[in-house]
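**Q** Heads up: the sequence lines are chains A and B, in that order. Start counting the first sequence at 4; every next residue gets the next number (this note's numbering). Start counting the second sequence at 524; every next residue gets the next number (this note's numbering).
Honestly, the hints are just simulated from the structure, not real lab data.
Some chain A residues close to chain B (C-beta under 7 Å, calculated; not the full set):
#, residue
1, Arg47
2, Leu67
3, Cys147
4, Val179
5, Ala189
Facing chain B, according to a computed beta carbon distance under 8 Å, are these residues of chain A, among others:
#, residue
6, Pro25
7, Ser55
8, Gly59
9, Ser224
Note that beta-carbon positions come from the ideal geometry of N, C-alpha and C, so glycine has one too.
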Amino acid sequence: MSDSSAPRVSLFVTCLADLMRPSVAFASIRLLEQAGCIVDVPQRQTCCGQPSYNAGEYASASVLAKQFIEQFEDAQYVVAPSGSCAGMVCEHYPKLLDGEWRQRALALAQKTYELTSFLSDVVQLDKAPAVMTELPTITYHDSCAGLRELGIREQPRELLRKLCQVEVREMQQTEVCCGFGGTFCAKMPEISAKMTDDKLRNATATGAAMLAGGDLGCLLSIAGRARRQGIDIEVRHVAEILAGELYSPAIGEGE
Amino acid sequence: MELQSQHFTRKAVAALADEAAAAQRDAMALFTPVVREAAVQQFGDFEALRQHVKRIRRHSLDNLDYYLARFELEATNNGNQVHYADSASELNSIVLDICQQHDARKVAKGKSMVTEETGLNDYLKRGGLEVIETDLGEYIIQQAGETPSHIVGPALHKSKEQVRELFLEKHALGERELESISDLVGEARSVLRDHFLQADIGIIGANALIAETGYSMLVTNEGNGDLCANLPRVLIICTTLDRILPRGEDATAVQRLLVRSATGQPQTCYTSFYSGPRRETELDGPLETHIVLLDNQRSDILASDYREMLQCIRCGACLNHCPIFTASGGHSYGWVYPGPMGSVLTPLLNSLEDTAALPNACTSCGRCAEVCPADIPLPDLLRDLRHQQSQENIGSPRWRMGLRLHAWVAARPGLYQFLTTRVMSILNKLGRRKGSFHKLPFASGWTDQRDFPSPQGESFMQQYKARRDDRE
Ligand code: SF4
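Isolated chain A, as found in the complex:
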């Protein structure tokens, strides 16, 4: 495709997709291309600085934020398969930085999107890139940053409906945190585990066989707890489902 009017998207891979689950990034590219976008992947991207920022390590976070801005500010659109990473850029960079850098952060925030909101609100993807195989019943975990910082709630549900003909089985307490919270889950593991158990209880009560979500952080933590507790639910990033890329084992599952 070389349509000059096609939206040009720079993929913000996010460090978790890069290191833990590349299939999410490949699925994202596939979906964006299906929506008619030209996708590039800035090669020197690493981490947006969110772990440092959340821990109050503002100096380290600023260094990474500036590096990120330099790499992405010439993009037409920046899209990330994560609400919390997109939220870091849109909501928190402008708070973290001042002066000229703050202006540059604000400009970047204007064109940065979480994947499902971009596919739904900006380019209106309505056809799946692959022929869908039979999907199991799905419940959806709204991650807090996506939900509250970026207002993402309907978009992934609508995409699942349109692309996969799947109606999400809603769980109770969808707006309550799953207990991940970045370093929180390792600093206060017992409290975190209680919160994840509540989430898993609400998810399994729907009868769904799969839990989908838009943030790998939450999903890794939920899948890890499900494994530990012997709870049988397949945990996947929504991008993999929408792109029909379900060939790799679900998060935390063996080959």
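Starting from the known structure of chain A, arrange chain B with the ligand on it as the hints suggest.
**A** Showing chain B with the ligand alone in chain A's frame:
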């Protein structure tokens, strides 16, 4: 009150192990957001009211000197005696002095978090006074020798059965059933009635101070505040400087926000305005009234980056919506104010060092800030406190150094990709078959309670580069 916040995590783990109490907290966490949401929806444009009150509170705090002086003038003209207390101990000694001047023996107290903060009850007891809490929740925990677990419902951690046992033990009233909640309330009422009639001094708090009239406003559901204020000869109102508002209508605007956010009611049973002592033509009311205005570091907070915290109206909504508060219970926070607002206030009013866990008891989920009627960015303030901790080298050096090392490497893309590629491929080889790790030496915090999912394979960057090179 003695600070116990150092033990937050340990106490939270213990609180989780008490299954009945944990289930009661879970039930509250399901119920309270629903009633609040219904009340907010019914109101209409709650957000407009929230922003309106926020502007007023900001303006009042920006002009605190002016409005305090005006309040003092008007309140004094109404016949009140206004006192300023810099510190907790100063408030306590002002109150004890007043009690001693009147040869008081018994004090009837309304609910007041400020006097919990200063430890007034113990101080007065040591001064030889009998102090009776008259708010039902406060009365229950006073009888049980406990502290409040919630700023609005201090005894929410107690079950009906526990209260029944407590009353049977503490009230010498012979054989009786005390089966229903209304039996329990009825018994507390009748026991308290005598105390009200015998008390020499009444002590209450205030939800707002009105500068233009010198009045104070108190919002309650039980009416005990009014009995404390009107039956004893002397009334002492204890509150903090930051309750000040310019006009009467500002106080009622706060009240509308407060009741819906706190209990989901459209109106509490009682909202009272206190002007001062009984006038010559009046038949009842106290003969003498005092207003003690506590600073206790509010001026410092006002001058700091945490000043938004002073806009808090003490509704408790952030507690009710915080899953960490629900998991841990109010007592785990180890001081007067629990939950998100407490995790900000406790370090500011005590020391950052002794309260190090509290600003970390947060996932930044943002639910508290979403419902806070004062629109306080609680997760931001908590993160700023973590920042301050890091600057002052408080908390685990291992975590801090780990995060700094991670950031240092991440700022060098070549090195970052070189290292991560290798680590991920080793982890993948080790974990691919089973899909996750039960134990990982460098992630023991994670694997304490959950498996660590194994990485899928080579990093995305590596795979992407290889595919692109193939194409070229
Ligand atoms: S911080 Fe906000 S939500 Fe929490 S008690 Fe204060 S006013 Fe209420």
